[in-house]
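Let chain A serve as the given structure and place chain B on it in line with the hints.
So the sequences go chain by chain: A and B.
The opening position of the first sequence corresponds to residue 0 in numbering that gives the first Met the number 0, with each subsequent residue numbered one higher.
The opening position of the second sequence corresponds to residue 0 in numbering that gives the first Met the number 0, with each subsequent residue numbered one higher.
A hint or two may mislead.
Stated by the list, open to error - Reference excerpt, derived from the structure (chain B facing chain A, CB under 8 Å, subset only):
| id | residue |
| --- | --- |
| 1 | R2 |
| 2 | I3 |
| 3 | R35 |
| 4 | R36 |
| 5 | L37 |
| 6 | F38 |
| 7 | P39 |
| 8 | S41 |
| 9 | T48 |
| 10 | L50 |
| 11 | C58 |
| 12 | A62 |
| 13 | D134 |
FYI, nobody ran anything at the bench for these hints, they're computed from the structure.
Glycine included, every Cβ here is placed at the ideal spot set by N, Cα and C.
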Amino acid sequence: MNTEMILKNKKIPADAMPIAEQLAGDGERVLFAIVGDLSLKGKYADTVIFFTETALVAYDGVPGESVRYAYADMEEVVSKRMYGNATLSAKMKDGRRRVFFRYTYAVAALCDAAALFVSHVRDGQDLQEELAIMAVTFERALSVCPKCGRTLLHPGAECIMCRSKKKIIKKLYKYIQPQMPMIILCIFLSLFTTFMALVPPTITGFIVDSVFGGGETQYAVFAGIQQWLGNDTHRLLLTMILCLLFTYILQYGVGIIRAYLMRTVGDRAVADLRNDIYRKAQYLPMKFYDKTSTGSVINRIAGDSNTLQTFMLRITQEAVVHFFQMIGIIVIMLALNPSLTLLSLFPIPIIVILTRIFSLKIRPYYRRIWRRWSSVFATLADTIPCVKVIKSFTGEKRSAERFEEKNAEWLSMDLRLGKIATAFPQCVSFFVTCGSLIIWAVGGTNVINGVGGYSAGLIVSFISYASMFYNPVTFFANLSDSFQGALASTEKILDILEAEPETQSESHVVPDKLQGKIEFLHVGFSFDRTKKVLDDVTLTIQPGEVVGIVGTTGSGKSTLINLLMRFYDGYSGEILVDGHNIKNFDLSAYRSQIGYVQQEPMMFSDTIFRNIAYSNPDATIEDVIHAADVANAHGFIVRQPDAYDTMLGERGVGVSGGEKQRLSIARAVLLDPSILIFDEATAAVDSETEHLIQEAIDRLIAGKTTLMIAHRLSTLRRANRIIVVDQGRVIENGTPEELMALKGKYYKLVQIQSMTQEAEAMREEENF
Amino acid sequence: MERIYLTASDRVEKFENNLVTVHFADGSVMEGLEPRRLFPVSLLDKYITLLDSEGVEKCVIRALAELPQESRAVLQGALDDYSLVPHITRILESVEKYGTLRWTVETDRGIKSFDIRNRNHDIRVNRDGSIRVRDADDNRYIIEDYHTLDNRSRKALLADL
Numbered sequence: 000m001n002t003e004m005i006l007k008n009k010k011i012p013a014d015a016m017p018i019a020e021q022l023a024g025d026g027e028r029v030l031f032a033i034v035g036d037l038s039l040k041g042k043y044a045d046t047v048i049f050f051t052e053t054a055l056v057a058y059d060g061v062p063g064e065s066v067r068y069a070y071a072d073m074e075e076v077v078s079k080r081m082y083g084n085a086t087l088s089a090k091m092k093d094g095r096r097r098v099f100f101r102y103t104y105a106v107a108a109l110c111d112a113a114a115l116f117v118s119h120v121r122d123g124q125d126l127q128e129e130l131a132i133m134a135v136t137f138e139r140a141l142s143v144c145p146k147c148g149r150t151l152l153h154p155g156a157e158c159i160m161c162r163s164k165k166k167i168i169k170k171l172y173k174y175i176q177p178q179m180p181m182i183i184l185c186i187f188l189s190l191f192t193t194f195m196a197l198v199p200p201t202i203t204g205f206i207v208d209s210v211f212g213g214g215e216t217q218y219a220v221f222a223g224i225q226q227w228l229g230n231d232t233h234r235l236l237l238t239m240i241l242c243l244l245f246t247y248i249l250q251y252g253v254g255i256i257r258a259y260l261m262r263t264v265g266d267r268a269v270a271d272l273r274n275d276i277y278r279k280a281q282y283l284p285m286k287f288y289d290k291t292s293t294g295s296v297i298n299r300i301a302g303d304s305n306t307l308q309t310f311m312l313r314i315t316q317e318a319v320v321h322f323f324q325m326i327g328i329i330v331i332m333l334a335l336n337p338s339l340t341l342l343s344l345f346p347i348p349i350i351v352i353l354t355r356i357f358s359l360k361i362r363p364y365y366r367r368i369w370r371r372w373s374s375v376f377a378t379l380a381d382t383i384p385c386v387k388v389i390k391s392f393t394g395e396k397r398s399a400e401r402f403e404e405k406n407a408e409w410l411s412m413d414l415r416l417g418k419i420a421t422a423f424p425q426c427v428s429f430f431v432t433c434g435s436l437i438i439w440a441v442g443g444t445n446v447i448n449g450v451g452g453y454s455a456g457l458i459v460s461f462i463s464y465a466s467m468f469y470n471p472v473t474f475f476a477n478l479s480d481s482f483q484g485a486l487a488s489t490e491k492i493l494d495i496l497e498a499e500p501e502t503q504s505e506s507h508v509v510p511d512k513l514q515g516k517i518e519f520l521h522v523g524f525s526f527d528r529t530k531k532v533l534d535d536v537t538l539t540i541q542p543g544e545v546v547g548i549v550g551t552t553g554s555g556k557s558t559l560i561n562l563l564m565r566f567y568d569g570y571s572g573e574i575l576v577d578g579h580n581i582k583n584f585d586l587s588a589y590r591s592q593i594g595y596v597q598q599e600p601m602m603f604s605d606t607i608f609r610n611i612a613y614s615n616p617d618a619t620i621e622d623v624i625h626a627a628d629v630a631n632a633h634g635f636i637v638r639q640p641d642a643y644d645t646m647l648g649e650r651g652v653g654v655s656g657g658e659k660q661r662l663s664i665a666r667a668v669l670l671d672p673s674i675l676i677f678d679e680a681t682a683a684v685d686s687e688t689e690h691l692i693q694e695a696i697d698r699l700i701a702g703k704t705t706l707m708i709a710h711r712l713s714t715l716r717r718a719n720r721i722i723v724v725d726q727g728r729v730i731e732n733g734t735p736e737e738l739m740a741l742k743g744k745y746y747k748l749v750q751i752q753s754m755t756q757e758a759e760a761m762r763e764e765e766n767f
Numbered sequence: 000m001e002r003i004y005l006t007a008s009d010r011v012e013k014f015e016n017n018l019v020t021v022h023f024a025d026g027s028v029m030e031g032l033e034p035r036r037l038f039p040v041s042l043l044d045k046y047i048t049l050l051d052s053e054g055v056e057k058c059v060i061r062a063l064a065e066l067p068q069e070s071r072a073v074l075q076g077a078l079d080d081y082s083l084v085p086h087i088t089r090i091l092e093s094v095e096k097y098g099t100l101r102w103t104v105e106t107d108r109g110i111k112s113f114d115i116r117n118r119n120h121d122i123r124v125n126r127d128g129s130i131r132v133r134d135a136d137d138n139r140y141i142i143e144d145y146h147t148l149d150n151r152s153r154k155a156l157l158a159d160l
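With the rest of the complex left out, here is chain A:
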């Protein structure tokens, strides 16, 4: 038998192979195998547990020994997580509990799934379906990077840590490419400024040697000028100064243009990138936002693209200039005097090594400071929104102290960094200066001794060149740090750019006006595919029906809605609207037929008018006013000083929760959808507002298929059908009267609520 074919998490150890072979020999098909890491006695060992269609066979690492248990003999199979290890055991039909597999948490997820598999198969559930669930679990367990072992985002994804850096740069190049002509122009300008920067030391050398010292010059240009001015030293000096001035003007003038162009290039590239990230973020599925905090997405769009901007500016502006400068200086220095060049290069290795040591030493500090800063920030973000809680428990002093504590930690760490960070540039300057001392010492001695080729001017030019040379050196020594930072940011950004967008199906049926018939056919759903949130839900809702969905928290009511809205697509079974599978509809066209009113209405910080018109930007003013009126919102809008022009989310604008809810209903009215969904729309408002909202809802739902999730059963008085959901299953389904007669869960809920309502009414009477 070919063991390659078996579903497994690791290569099956050779000692266990005979078992597999024997099973195959007996005609049993091994479905999957889990390679464990602990023996039953708790020692590390290569153990295996095989699962066939009817039994499991455990091998505990002792060659030749294995135990076999038939699923049919088991009463209950449990994967029990203990501390640092877990066991797979079963309560047998004979009443004894058998532990047959022990393992660390590394394979616990697989064994959890296996336990479910065994009990489901024993109960006679579909083998293929259960096997498919196992396959997914395996796939997930195996989706680690083969290089570094980190868990991947999704199976088959490229590991972010191990992704080749070249590829990242390539991705970034896409944003730089449109700017290429400008970049090339800038490089030419850089060449020019670099060349200009190299002129002055030669001139100063000439001034020292020929103007002051009256010596011969080796440059034909200078000799020509000298001759032309007739050796008048004053005029010669003045001419040279003018030459210097002219060079400086050219150098810095062109420098301004180049710097401006470069900045434009960098800014444009980053703006493009930021646009792309934001657009992409709009189309990411809800699943992505479940896993990634909104804060981190925002940070990637705002923060990380800024880091990149800084880096791009650095690399495009400074790196180019520094590079050419370095080359230019070395060439000139070598031409002037090769031996002095070697001498002046002497401190460079020291500087490079120092810079490396420094940056290695300083990096952890930055990380530590960052961590302390983020804890300061977290304190802020935690406490400011909760200021009501703080005040009500008189925790002002405590929270101030907590903040001070965090801030003090940040301060002390920052000061520690300060000590090193300020000392380093000084040290570098010191070594640079020492480098010039060597030139003075050796070169100067040679000048005094009259060694051929050495003059005072040469020494002066040399020292200027040498000091110019150290700038690019320290720059490049430090570049790798900002390169690392930029890479980290790029990776985080690419994480978004390369994430899978919401799945669009092949066929894009654009629905006309939907009738609103909704069918759930054997729908099952699970967020992690191990625990089912919805289990085999089948129900049909006729057009125009008003359906109340009732159930305890976590029963799966909201998931029903989430699936219908196509926020999640990974469910089994089918959801049909008007007889079409909703996965075949064009996503945006489909969603635009559904009006969705949430428990906590979200308003953009824009005017009331534009907030309502958000659902239909083409609506006329009168449509919007009418929608507001239907939603019982017009009245309070008119009372605002700025009426429809009122900016929401601003100081002084008191729009209450109930009013916001009515605005969001107005949105739904304006959309004129075929299907309406209310997700606890009146859960957070008082009874009077509830009445206003109810009135609005009643007007809105006329003739439309309506789904209402509600805790308060009073909200559901208009419902002509109630669905009771419990633990992912529809347990009751019928008219309110039928369900009351059934005396089931709905009956109980009604009983409980009418009791509390009576109590509430009594309390209200007492108070008013």
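Below, chain B alone, put in the same frame as chain A:
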């Protein structure tokens, strides 16, 4: 949910103060209505609602321009009475202290000093290019066209935009 929109054949007369009386073409009359703009910032001459003393909407005017001259003048007067939005013609002084901006301005209604709390929210450019200013007490001012301001005012303003 039917809304009554005034037509050109309906007449609006002054009632008292900023209140008006509407004579409908069919002979019915509504007294003591208060005209208010539904879009006091973005649409000054359109969508005027008329509220009774309880604040309940009685009818709506689509556009002032649709009404006869006399009715229009009455409504315009009533609306102007209701809302006071001085036009800033000159910014005499702009001082910032502790994050609050204090402006002294010359308006079509005289000289006034006020505080602006949040320059981002309280100084806004409208779509038509006019600039709306809100002070710490929730009073509103408007700068119709900042190009017509003198240099000094413009500088003071641009520093905050």
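To see whether the hints hold, each was checked on the structure:
At about 7 Å, the closest approach between the beta carbon of R2 of chain B and any beta carbon in chain A falls short of 8 Å, and the interface hint on this residue holds. Interface restraint check: I3 of chain B against chain A, minimum CB-CB distance 12 Å, threshold 8 Å, status violated. The closest approach between the C-beta of R35 of chain B and any C-beta of chain A is roughly 7 Å, which is under the 8 Å cut-off, so the hint is satisfied. Proximity of R36 of chain B to chain A holds as hinted, the smallest CB-CB distance being about 6 Å (cut-off 8 Å).
Because the smallest distance between the Cβ of L37 of chain B and any Cβ of chain A comes to about 5 Å, under 8 Å, the interface hint for this residue holds. Restraint check, F38 of chain B versus chain A: the minimum CB separation of about 5 Å is within 8 Å; hint holds. A least Cβ separation of about 5 Å between P39 of chain B and chain A falls short of the 8 Å threshold, and the interface hint therefore holds. Interface restraint check: S41 of chain B against chain A, minimum CB-CB distance 5 Å, threshold 8 Å, status holds.
Interface hint at T48 of chain B: satisfied, since its Cβ lies 6 Å from the closest Cβ of chain A, which is below the 8 Å cut-off. Annotation: interface hint on L50 of chain B holds; nearest CB of chain A at approximately 7 Å, less than 8 Å. For C58 of chain B, the suggested interface contact is broken, since its CB lies about 12 Å from the closest CB of chain A, more than 8 Å. For A62 of chain B, the interface hint is violated, since its Cβ never comes within 8 Å of a Cβ in chain A; the closest pair sits about 10 Å apart.
Evaluation of the D134 of chain B hint against chain A yields a violated restraint, the C-beta minimum of about 11 Å exceeding 8 Å.
Checked against the numbered hints above, the structure breaks hints 2, 11, 12, 13 and satisfies the rest.
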